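**Student:** Chain by chain, the residues run as shown.
Number of protein chains: 2
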Amino acid sequence: MSTASLIRALEDSRSDRAGALARLIAFLSIPSVSTIPELAAEVTRAAEWVASRLRDAGAHSVRVDPTPRHPVVTGKMSATAADAPTVLVYGHYDVQPVDPIELWDSPPFEPSQREGALYARGASDDKGQVLAHLEAAAAYANAGGSPVNIVYVLEGEEEIGSPNLDAWLAAHGDELIADVALISDTAFVARGEPSIVYGLRGLAYMEITAQGPNRDLHSGQFGGAVLNPAGALCRIIAKLQDADGRIMIPGFYDAVRPLSDEERAEFAALPFDGAAFDAATGRAGGFGEPGFAANERIGARPSLDVNGLVSGWIGDGAKTVLPARASAKISMRLVPDQDPDDIARRFEARVKELTPPGLTVEVTSLHGARPAIVDRDTPAMRAAAFALKAGFGKAPVLSREGGSIPVVNTLAAKLGLQTVLMGFGLPDDNLHAPNEKFEIDQYHRGIETIIEFLHAFAEEHTA
Amino acid sequence: MSTASLIRALEDSRSDRAGALARLIAFLSIPSVSTIPELAAEVTRAAEWVASRLRDAGAHSVRVDPTPRHPVVTGKMSATAADAPTVLVYGHYDVQPVDPIELWDSPPFEPSQREGALYARGASDDKGQVLAHLEAAAAYANAGGSPVNIVYVLEGEEEIGSPNLDAWLAAHGDELIADVALISDTAFVARGEPSIVYGLRGLAYMEITAQGPNRDLHSGQFGGAVLNPAGALCRIIAKLQDADGRIMIPGFYDAVRPLSDEERAEFAALPFDGAAFDAATGRAGGFGEPGFAANERIGARPSLDVNGLVSGWIGDGAKTVLPARASAKISMRLVPDQDPDDIARRFEARVKELTPPGLTVEVTSLHGARPAIVDRDTPAMRAAAFALKAGFGKAPVLSREGGSIPVVNTLAAKLGLQTVLMGFGLPDDNLHAPNEKFEIDQYHRGIETIIEFLHAFAEEHTA
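Residue numbers (my numbering), protein chains in the order written: chain A, 4 to 466; chain D, 4 to 466.
Because the hints were derived from the structure by calculation, they are not lab data. A few of these clues could be false.
Identical chains share a label here; the pair holds if one copy fits it or two copies do between them.
[Unchecked claim] Capping the alpha-carbon separation at 20 Å, the derived lysine to any residue pairs in SDA-like fashion look like this:
1. LYS355 <-> ASP247
2. LYS397 <-> TYR256
3. LYS417 <-> GLU462
4. LYS355 <-> ARG286
5. LYS355 <-> PRO103
6. LYS242 <-> PRO360
7. LYS392 <-> GLY195
8. LYS79 <-> ALA174
Since this is a predicted model, take the numbers as computed values, not measurements.
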């Protein structure tokens, strides 16, 4: 693989930064919120957009494969050399909902450039990072060809737990033979600190629905003689976690792998963007399990969060209703070696145990993912380290992230693939929150870093 | 006052039951939800409708008086005799919101007749009962004149705590000189058991707004290192009330007047519609303060209810958000001699005390009302007892209700008026809930009972 082709690809990319930005703006304008049934056609429109961009970038075998819900987009780039390795690039073109919409400074699907960043839902998670891959591929196509074979798997259901991805991967295993998987859906640990994520937390996302009286009642006519399901649900939730955040579900911590002294030293040495953390968290950022630093609490310890809570009258002013129902969405982030199914069972058992007479409770598991730890010393990890240093001018740190990317486990289990998590987000990108952004410099350097990675991985392979 | 006029009025009412029902359907079709700002014009439309009906019924001095929010409708009927007493009739033409709309079997503002009842928001609370008064007045007008003077005060802000009524009453005191106030906004203790309510609970309605992080965060990227305001709010609410419903706010019970043995015997003797109670409450109806019967818990003991709860993602499916805010609406029903301002202060102090570091809490009082007990042996109470027996064929019981009608205290304080609470609802009317109804027989007999009351009160007065 010649360095000339790398240089031409980088030059091609640099010469069309305006075009790459315009394409990102077009992509971000499609409201592909996978969880909202009314937007299903928009999710499909985003899939078609991705397929069209893949074709323009020189990919072949491009398809938009329907699934029971949202399609998987796939396509291939062929390497110029016959013995080149294959990289499977996974990403997702669906996005989170935008609520609370009133807290956005600009409309979430009308991308807005401010202070070097592009603000839109999905900018960083994950459309901007997905498109960086397609832009890198197009640059190689314009430069004479790719140094590696690439298989793209771009799904539209990541934000709803990828319910149809496993079946799709199983059905297309023979098209997906690769040497490594590459995912850009993570962030730097701090601005200016390129990072390779080697650990991700798992997830058990539960919903509790609590029914008290048969129907909504007048709180004057009935209050005092009827169990209030909202109050009762609060009493249950209050017993799931103590004031320091320690989770009070019997056996919850049994499978948690303790941090070694060496790992704790690594966490302590990691750069931590305190300013971004403080800006996002305010006074609430002082919270957490005693004896652990903030990045350990996020990267290496399990957590429990109430993600949603609703009952009764939530409009302005007063309504004296004694509600029939109350419900809560509660998710737990898991660490090795916790098992999401086991945790979901323990959660349900504990909630049932805490349920008082007169309350009828249903506990549902909405979403589960295993925690993941990947090998830190492989040809692909070395290529990623080289590429990030080339793209951002600084050697990357190895970090563990608090989020979950369930596909990492699926790719290992179904296709035997190790994954490299080389992402270009920043800690203050406001993922899943109002005013999500992707910094334009991270985008352009991300494209160049992917160009560097593909070259370096081919070199590692032939070395 | 001649009995002939009473008989003619009753005959007039019976001859136009279809008309009275059609007018109620028209009145109920106006969505006069006072708490929703977007419906302010509909509230005014309902006020104009009431004023027009008052004029048609033969009232004079009819006005729709604007207030800073929703108007007060007033008007007068003059007695045929010069020495006749004056009755002040209070009612409200505003209604509660309709949420949860999906639980209604027919649209709340398209009145639907089923099994002898008219289903619509406001049917029983209070439009049906207000209109019964106007129909009774019209019957007397058609029959040659009213046996008493009547002053109508019909407001549009009862369901939001009557914020402008006190000022209106103070400004119009000289137009409101009367011998007694009559309100029909209560229910029978059981089907077939006419009731006069002599006690009402008070109310302290509070809102808690809790702020955790500065903005919504990704629960993977931050979970475990940031205080979750929804979880923290649940822990606060869980400490306000124990599993039996006893309220754990220091000093909350200090001013509660204990029930005497005599009062407890009266409660035990009251008819109790167990079937209606069970149908509404289901298994949740087994709840309450130990040592008290259900009707004591509702009529004579204070209570605390969570009326609303909201935080984070409340749509379908999963969103892994760590919300910035959580809020709760919590109301307490009060009994003699609790003071709503004192209780609001104690509530706020307790919530502040329970607030952990990292959570910022605001506590607001949305609405307050004193509990009320009225004299049980007065000419007006005797007239009401006579009228209910005439209208429904059975002597009424004296009962205490769990709801609040703050105006009872205001009428006593500002105008020196004792109030008679003679209502025609039933315990299963679904006030403030989906499928509110008013039974058509209760409506027609209610009109006749009011006709009887006005005659009987005139007789008591001249006796």
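**Student:** So, for every hint listed, does it hold in this structure?
**Tutor:** Evaluated hints:
no. : hint              : verdict
1   : LYS355 <-> ASP247 : between (23 Å within a copy, 18 Å between copies)
2   : LYS397 <-> TYR256 : neither (37 Å within a copy, 66 Å between copies)
3   : LYS417 <-> GLU462 : neither (27 Å within a copy, 91 Å between copies)
4   : LYS355 <-> ARG286 : between (34 Å within a copy, 16 Å between copies)
5   : LYS355 <-> PRO103 : neither (31 Å within a copy, 26 Å between copies)
6   : LYS242 <-> PRO360 : both (17 Å within a copy, 19 Å between copies)
7   : LYS392 <-> GLY195 : within (11 Å within a copy, 85 Å between copies)
8   : LYS79 <-> ALA174  : within (17 Å within a copy, 81 Å between copies)
Taken one by one, the earlier hints fail for this structure at numbers 2, 3 and 5, listed in ascending order.
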